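Trainee: What follows is the residue order along each chain.
Number of protein chains: 6
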Amino acid sequence: MFAHNKRLQYTVRVAECNPALANLMLEQFGGPQGELAAAMRYFTQALAEDDPGRKDMLLDIATEELSHLEVIGTIVGMLNKGAKGKLAEGAEEQAQAFRELQGAGNDSHVTQVLYGGGPALTNSGGQLWTAGYIDSIGEPTADLRSNIAAEARAKIIYERLINLTADPGVRDALGFLMTREISHQQSFEKALYAIQPNFPPGKLPGKPEFANVYVNTSQGEGDMRGPWNSDENFQFLSDREKFLAMDGGSGMPEVSLDKQQQATLMQMAKRTRSDPSSNPETGADLGSGTGPQGTRH
Amino acid sequence: MFAHNKRLQYTVRVAECNPALANLMLEQFGGPQGELAAAMRYFTQALAEDDPGRKDMLLDIATEELSHLEVIGTIVGMLNKGAKGKLAEGAEEQAQAFRELQGAGNDSHVTQVLYGGGPALTNSGGQLWTAGYIDSIGEPTADLRSNIAAEARAKIIYERLINLTADPGVRDALGFLMTREISHQQSFEKALYAIQPNFPPGKLPGKPEFANVYVNTSQGEGDMRGPWNSDENFQFLSDREKFLAMDGGSGMPEVSLDKQQQATLMQMAKRTRSDPSSNPETGADLGSGTGPQGTRH
Amino acid sequence: MFAHNKRLQYTVRVAECNPALANLMLEQFGGPQGELAAAMRYFTQALAEDDPGRKDMLLDIATEELSHLEVIGTIVGMLNKGAKGKLAEGAEEQAQAFRELQGAGNDSHVTQVLYGGGPALTNSGGQLWTAGYIDSIGEPTADLRSNIAAEARAKIIYERLINLTADPGVRDALGFLMTREISHQQSFEKALYAIQPNFPPGKLPGKPEFANVYVNTSQGEGDMRGPWNSDENFQFLSDREKFLAMDGGSGMPEVSLDKQQQATLMQMAKRTRSDPSSNPETGADLGSGTGPQGTRH
Amino acid sequence: MFAHNKRLQYTVRVAECNPALANLMLEQFGGPQGELAAAMRYFTQALAEDDPGRKDMLLDIATEELSHLEVIGTIVGMLNKGAKGKLAEGAEEQAQAFRELQGAGNDSHVTQVLYGGGPALTNSGGQLWTAGYIDSIGEPTADLRSNIAAEARAKIIYERLINLTADPGVRDALGFLMTREISHQQSFEKALYAIQPNFPPGKLPGKPEFANVYVNTSQGEGDMRGPWNSDENFQFLSDREKFLAMDGGSGMPEVSLDKQQQATLMQMAKRTRSDPSSNPETGADLGSGTGPQGTRH
Amino acid sequence: MFAHNKRLQYTVRVAECNPALANLMLEQFGGPQGELAAAMRYFTQALAEDDPGRKDMLLDIATEELSHLEVIGTIVGMLNKGAKGKLAEGAEEQAQAFRELQGAGNDSHVTQVLYGGGPALTNSGGQLWTAGYIDSIGEPTADLRSNIAAEARAKIIYERLINLTADPGVRDALGFLMTREISHQQSFEKALYAIQPNFPPGKLPGKPEFANVYVNTSQGEGDMRGPWNSDENFQFLSDREKFLAMDGGSGMPEVSLDKQQQATLMQMAKRTRSDPSSNPETGADLGSGTGPQGTRH
Amino acid sequence: MFAHNKRLQYTVRVAECNPALANLMLEQFGGPQGELAAAMRYFTQALAEDDPGRKDMLLDIATEELSHLEVIGTIVGMLNKGAKGKLAEGAEEQAQAFRELQGAGNDSHVTQVLYGGGPALTNSGGQLWTAGYIDSIGEPTADLRSNIAAEARAKIIYERLINLTADPGVRDALGFLMTREISHQQSFEKALYAIQPNFPPGKLPGKPEFANVYVNTSQGEGDMRGPWNSDENFQFLSDREKFLAMDGGSGMPEVSLDKQQQATLMQMAKRTRSDPSSNPETGADLGSGTGPQGTRH
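Protein chains in written order, with the numbering used here: chain A, 270 to 566; chain B, 270 to 566; chain C, 270 to 566; chain D, 270 to 566; chain E, 270 to 566; chain F, 270 to 566.
It is possible that part of the hints are untrue.
[What the hints assert, rightly or not] Under 10 Å between C-beta atoms, here's a sample of chain F residues computed to sit facing chain E: (1) 368; (2) 426; (3) 479; (4) 537.
[As the list claims (entries may be wrong)] Below, in silico cross-link-like pairs of lysine to any residue (SDA-like), each with a Cα-Cα straight-line distance of 20 Å or less: (5) C:539 - E:319; (6) A:539 - B:361; (7) E:511 - F:529.
[Claimed, not checked] If we take Cβ atoms under 7 Å as the criterion, some of the chain A residues that face chain B in the derived model are: (8) 274; (9) 360; (10) 364; (11) 428; (12) 435; (13) 437; (14) 463; (15) 466; (16) 479; (17) 497; (18) 505; (19) 506; (20) 516.
Read the hints as simulated data drawn from the structure, not as lab findings.
These figures come from a predicted structure and were not determined experimentally.
From the three backbone atoms N, C-alpha and C, an ideal C-beta is built for every residue, glycine too.
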């Protein structure tokens, strides 16, 4: 069960209101790499996890991410605080209010007009948060890798926001949040490698004849070799004929059909056949204005 | 530029039609861990990539994933081939057609009624594919980790589908596709570690005082220690007072407001104040049927 | 800041595994009336709220809803526990595994194949949770009404789930969760009516000439009178001519255009004019197979 | 059945074209609180409603909301009329056209480039309208509360738009639309309270021991009392131990498993165990550039 | 402005309740090819249309499609009427209610549990209606073609539903709705070809050297010729070298960068370079369990 | 199977970086009328197609559209190349970086902050690509019409982008892409009319008595006649009584219910009846501040 204390995990000190900066911050509130996605990613994994160590870790980090959601949402709220009252109270002449809204820039108009200046679960472009951002699948050797990657992405978005903000209090809080992603990545790395073996993920082994093949499907100027396709690590295939039907078969699909299925399909084929030997007049011909066809006589 | 050969990368041999199995296969066609997501993930990264080695690798693998999309989509098509014609041609008495559709099971009714038996870009539950499944952010130390995780997830979903399928031809093709994910994961791993250093991802270092702290936010029975929070690797914090305002401040947010902003906010506060000393009659009171309030006299 | 205790707010006792029942429970985990929607609705309102009493209440209830998310997610996890391992470990012959999956019923196949038996942020039909479910707009006289309605809806969905479940432990926990929605509705009712006046919501008054008009736009058999359109409460308009242009104007739109705008629009009008005096041959004519038009000579 | 008259319910008089203002208006066309959401909310309820009075009222209001959709969409069309032709006819030198588009501001570029200046079913940020905005569940004591709240929200968004618009004709029409929301709210209020009792919504009573408890989950500076948690109305719980397992049980989940389920889960647990006593080298170690681990020897 | 009459455009006579059939009908209520999509497609086009003839036609057909939405939604309501009360009133023992719900089949559980048996704006798989289904772009030579195609699709879905339904009253009403799509297609065809010329759509002509080229990008067994790529109509290109850089250039992208941009990019390139000459140890190596690397010494 | 060559189908020459222009180009990358939608539309049709000619054509065009996706994505990448490094490397003082980002305009902030300057599968407003854009249903007489319409729409969006771009290299490449849509439309036209008959689409004929009726549902000033509703082509119905229940029935819905269903519905009706003869006090009354009702005594 959760409990809450009204003190934040990190003190938020905002120098002055700035609705456009507020809007960029939404990227880490309701954006794909943001704190709600992080919290829900780990929380849903925790609920299905039976390994006691991982379950505890996932709950620890999920709870901290919820606390980060609170910090970043509070930053949004502070940056919008000045603008919030104006629209609600009609405190300005309308033409001036319109100019101010437009002048704030980027998509902050959505935050102000639709959400009243509060933090909304959207990214900085107004895209609604969706659970499609969460990629947990219930297998730890995959989920922990997903978590490692998610922490890396979140770290980068914080870095970009820091590079855009001169407000020292906001930079300080963003720096804290960014650092915690580094720490969480380390925990997930330890938890992944504490499972041995963890590669390949899951249980079924691969087919040995295809597991170390590198298929050079993109060719031409720019073809490169490196450890990711080196002869040391991979069997490098460049002959395009060899990519086709790598099983050695025809490469053509087959299925068994019973007589009724065949008959029905033949009927459909006949009804919908595009006659390759015709040269029909078409709607484009009628509409191209090149002849009298456009009007029926 | 792309070119296409009508032979598949792997021969698809389906023993008999099975719309319900077809529908499960959509998970790897238009599902979040499926081949379109994979192909588009690597392709969009490739277009923005300047490093020649990574660009080449991303194009190679993206092109192969498109070829896998073709293989899995062809499996769907073959498994649905028998059902496809029936609905189109009205080949059965309606009550029988309804029973057959219902009997096929799971969400295959959507595939049949809406998509005419063709492979649709949905998952097995009919959820439309969305670009929210793609988490590329344009920083290779994050994106390569995302790719590693994505390959791990795709490998697992193939494994589950194999565990559900007794058709030897389908199992064979799924085994091939599963194996290629293992191979791709290896390439991405090599490419990631060929960047040194790659941790922490990006450029900005973390704040050292917070980078190795483990915050034990979830407590009570079930608290565990392990390498992910061991004293060897982390500073372990369990005292809840120490989590609050880890910067040492008040934990309360602050922002500077000018006089007009303050005045407007005060006006809004007054207008919208919930009086804590009142005990108002409410709509719930009116509707609870416990007194005469429900009817105005 | 949040903290977590591993004990649930209510003990979950599940009699036996049932993946189909698990799937129905997702309605209150990742469905539109579910606990994540509730928690995020109140949490985002709290972050933007300046009134100290409402802020405290919103944080209290948001935190409790997160704890309910944990309870309902744990129910899902328990109900799926038996099925979870089978697919992961390939513990059954494939044809049998397929039959079991199909037999479980409804959309539980998505939960099992894609999410590995864990609680996913979808509704019972696999629809991904979206922030579009949250309707907070940052004005308390509207948001509190939204919260009252949300609690009423959640109460009903729990009631329906209880009506579908014979498992006594699940019924007991659902009954608790349902009851808490009643309690929360009461708190929101009190908080709304502790704002006086709160109707009409917001600040601007309506135009008096239109505020008490009832427009009887749907007529014919079934027209009814009641307090919602009674003469006591409303001016009842049934004459359709009186609905048109209720301002007394033409009902036709107008806008001023400068000369260049007019010229460009005239050019576009000319280019795209559908000639009402023609009777052109069309694509449908070409395709209706009624004449020789289909083939060009 | 519906019929249509080409005169609007309210005359739209727009002083001059303004694509940025047009774009803000989309909030009430295709936004979450807009007129399509309103019309569809009431229309879908009406179709399932058996109570003749409510059915009639829902059809009346749904039909009027469709007419409001027409009014607000016409405003969008008029405000965009000048810009519409330019892009279509290529009436300006391209660099100038680009500057004009950028200068119009906010997200009006989407409306112009993608939708050709017409009203699109998106909000002002380009977010596509989704049926997730509609929260009808088919129980009148919940749905009528949802409708009351929806009218309150729509009223507020109109108020904000009025505060942003100096154009007298637009303000006049928006004022009409805003006023009608007030009137509709009154009808829904009357219809709700004409059901007695209507609280708690639905049929099942709550568990009395939990129905009037207020759980003070958020504590610390800022804790407040008010009618929403007063001792008069609620049993106020602040002791955190008392929130855990409010049923008096262990707070730990339980489920019965058969032998095969247990065996499979044990196998999975063993395969995926994160060894808490290990201290494995990780990918982060390999990538941190602190030692020779990054390169295999 | 709209008006409504409570009589339907077509009488709905349903023989007996059938929740699974009801659910399939949702395909034409809230599905991509359904009546809401049709009504909104034409209505939004009408609002932006300046040509009086097309505007009138679009309003006529939009209004009729709303009336069709009412017919199909009423069918859903009638088919669900029996099930509706049971869940609401708890009229059955729970285990029986669960069996009935499961037995109804397909995704009707969502309609019953979440939507209370009412018609919801989802397709038959529970996918929420989205404005992404509407493809209007504000150019009549494109939009009329889109409308023609939309009517064709809707006709087919009705045909499939008719093929699934033995209930004579439902078949009769579906037959009417299907027929009206045919009629609407004819109107849109006439309106399109009443614009001359209408091909190519829009204003800009194509580049003549590329307008009649057919690029044979997919080769191998199955290559076919027909009127769509015949020598009579097209210049047929099969030489893959000729597809590359069809402008005669290098096929490689170029952009001018200033010095600072170049310097920054070089810095980024250096920081993120994947060294092609290395062979780093990777996370997969650590996790493959093939050596002692998994544990740090 | 697909193969790739690193040379583009058309050489991309960008004069100078321009993030705002880059963002507009996303409309044809990840927008509804863009190249991914085109490629996936034809590719999914091809996989389900049995007619060898159409299958070949669909694969040819799908493969070319993927190559166009590469061209337009490369344009985005080139236009963003200058901005890309700055945010990643923190190459500018933060206040300056913020001003530059804001100054770039439209929604390019999302592309830069979230996607790191790479082409993302969104439209120019940040809306995530969704498979809801694809309307294939597996019947060629419908799908080919959909394809014709899709090519027409894509042609128009390219035309608008050309009208916004002064950069000669970008205009040149866009002109090529626009021209290819014209060519593809011609192929699809030929393929459609090579099926005879193709109207009405599908197999079932319409009901003759309704197939040529034009229902004049929108009346009043602006009513027009043209070939789309002429007496020559249609039976024109203007009498509103004649639209109601066109089958000649009551226009009222009917369904048979068994006794238990009736009893349950009656119970529900009684429980949820809105009493039309009451005039209850409501929440709006309590909140309107017009009397003493707001406070309980």
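Trainee: A separate judgement is required for each hint: does it hold in the structure or not?
Mentor: Hints, verified against the model:
1. With a least beta-carbon distance of about 16 Å to chain E, the hint placing residue 368 of chain F at the interface is violated under the 10 Å criterion.
2. With 10 Å as the threshold, the beta carbon of residue 426 of chain F comes within range of chain E, its nearest partner Cβ sitting at about 7 Å, so the hint holds.
3. Because the beta carbon of residue 479 of chain F sits about 4 Å from the nearest beta carbon in chain E, less than 10 Å, this interface hint is met.
4. The closest approach between the C-beta of residue 537 of chain F and any C-beta of chain E is roughly 5 Å, which is under the 10 Å cut-off, so the hint is satisfied.
5. Taking the CA atoms of residue 539 of chain C and residue 319 of chain E, the gap is near 11 Å; set against the 20 Å cutoff, the hint holds.
6. Of the supplied pair hints, the one linking residue 539 of chain A and residue 361 of chain B holds, its CA atoms being roughly 18 Å apart against a limit of 20 Å.
7. Restraint check for residue 511 of chain E and residue 529 of chain F: not satisfied, since their Cα atoms lie roughly 74 Å apart, outside the 20 Å limit.
8. The interface hint given for residue 274 of chain A is met, as the beta carbon of that residue sits about 6 Å from the closest beta carbon of chain B, less than 7 Å.
9. Against a cut-off of 7 Å between C-beta atoms, the interface hint on residue 360 of chain A holds, since the closest Cβ of chain B lies about 4 Å away.
10. Because the beta carbon of residue 364 of chain A sits about 17 Å from the nearest beta carbon in chain B, more than 7 Å, this interface hint is broken.
11. Because the closest C-beta pair between residue 428 of chain A and chain B is about 5 Å apart, less than 7 Å, the hint holds.
12. For residue 435 of chain A, the interface hint is violated, since its Cβ never comes within 7 Å of a Cβ in chain B; the closest pair sits about 15 Å apart.
13. The interface hint given for residue 437 of chain A is broken, as the beta carbon of that residue sits about 12 Å from the closest beta carbon of chain B, more than 7 Å.
14. Because the smallest distance between the Cβ of residue 463 of chain A and any Cβ of chain B comes to about 5 Å, under 7 Å, the interface hint for this residue holds.
15. This hint is violated: residue 466 of chain A has a C-beta 13 Å from the nearest C-beta of chain B, more than the 7 Å allowed.
16. About 4 Å separates the beta-carbon of residue 479 of chain A from the nearest beta-carbon of chain B, less than 7 Å, and the hint is met.
17. A cut of 7 Å between beta carbons decides the hint on residue 497 of chain A: the least distance to chain B is about 4 Å, and the hint holds.
18. At about 10 Å, the closest approach between the beta carbon of residue 505 of chain A and any beta carbon in chain B exceeds 7 Å, and the interface hint on this residue is violated.
19. The closest approach between the C-beta of residue 506 of chain A and any C-beta of chain B is roughly 10 Å, which is over the 7 Å cut-off, so the hint fails.
20. Checking residue 516 of chain A against chain B: minimum C-beta separation of about 5 Å stays under 7 Å; hint holds.
Hints 1, 7, 10, 12, 13, 15, 18, 19 from the list above are not met by this structure, while the remaining hints are.
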